[in-house]
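Asks: Generate the whole structure from the sequences, applying the supplied hints.
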Amino acid sequence: MLFTCFNLSFCFVSGVHVLQLLFSCDWDPEIQKTTAALKYGYNGEDVIALDFEPLAWIALQPQAIATAQAWNTDENRLSYSKTILTQWCPEWLKEALDKGKSFLLRTEYPSLSLLQKSPSSPVSCHATGFYPSRALMFWKKDGEEIHENVDHGEILPNNDGTFQMSVYLNISSISPEDWRRYDCVFQLHDKEKNINLDEAVIKTNRESPSSTIIAVVIGFALISITAAAGYMAYKKKTDRHHPLPTTSQENYVEL
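For the sequence shown, the positions run 1 to 255 when UniProt numbering is used.
These are computed hints drawn from the structure, not numbers from a lab.
A few of these clues could be false.
As the list claims (entries may be wrong) - For lysine-lysine, the following DSSO-like pairs were computed, each having C-alpha atoms within a straight-line distance of at most 27 Å:
1) K141 <-> K117
2) K203 <-> K101
3) K39 <-> K117
4) K82 <-> K99
Note that the coordinates shown come from a computational prediction; the quantities given were computed from them, not determined experimentally.
Replies: Encoded structure:
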């Protein structure tokens with residue numbers, strides 16, 4: 001709906017001004033009732049609004065009285081505004097809710113993994129890819145939830161509309177023999193996923209000693225091969241520029 005100042009004399013005051021239009025509809029599926037609103041604002045203040053019972057424009061500022069009176073004589077404007085807000089708008093809203101229901105009401109469960117930066121760092125139980133965000137994650141020992149040596153991270157959004165979260169366990173005081181007694185648990189809609197504290201499944205970006213040894217051996221081998229190739233090339237080049245003298249035929253003199 002386009003709005004003109006239509007007898008609002010204050011619309012023509014010099015300077016920069018803001019004219020606003022607000023319309024909305026609210027549909028309650030339980031009582032099958034629609035509520036709607038339509039009003040205009042000027043420089044942040046409401047000036048005129050549509051009342052649906054009875055159907056009439058109401059001036060909210062003295063300057064809008066003449067406009068309200070003029071608009072109330074326009075039956076087409078009144079009927080059109082009521083149709084949009086009480087019939088079309090609720091139908092658009094219902095259609096949007098129906099189409100979005102499968103997405104908004106879906107449930108996606110995450111993948112769980114254990115992460116650790118260094119042997120002395122806390123073990124992070126990381127869940128990613130879950131929806132909705134109303135999820136819980138915690139550590140258990142012998143089947144009982146624990147709070148000591150546990151820190152909870154925030155629930156963060158992913159780029160695909162799902163969420164991620166982490167919960168950290170300080171293992172500095174836990175002996176390796178007791179690791180198997182600990183489990184990380186993720187809960188969503190009364191369903192659980194869990195992962196046991198196991199060094200074999202912990203993901204880390206630190207290098208193992210064996211990997212370092214292998215890398216050193218490979219590096220030494222490459223250096224040796226490069227040095228040998230360089231020596232052979234140098235020797236070949238030297239031989240080409242300084243040829244060895246040839247043995248001349250010996251002359252024998254008979255005495």
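Asks: It remains to establish, for every hint, whether it holds in the given structure.
Replies: Going down the list of hints, with the structure as the test:
Proposed proximity of K141 and K117 is supported: the alpha carbons are some 22 Å apart, at most 27 Å. Annotation: proposed proximity of K203 to K101 is violated, straight-line Cα distance about 37 Å (limit 27 Å). For the proposed pair K39 and K117, the alpha carbon gap of about 58 Å is over 27 Å, so the pair is violated. As the CA atoms of K82 and K99 are separated by approximately 25 Å, the hinted pair is consistent with the 27 Å bound.
In this structure, the earlier hints numbered 2 and 3 are contradicted, and the remaining ones agree with it.
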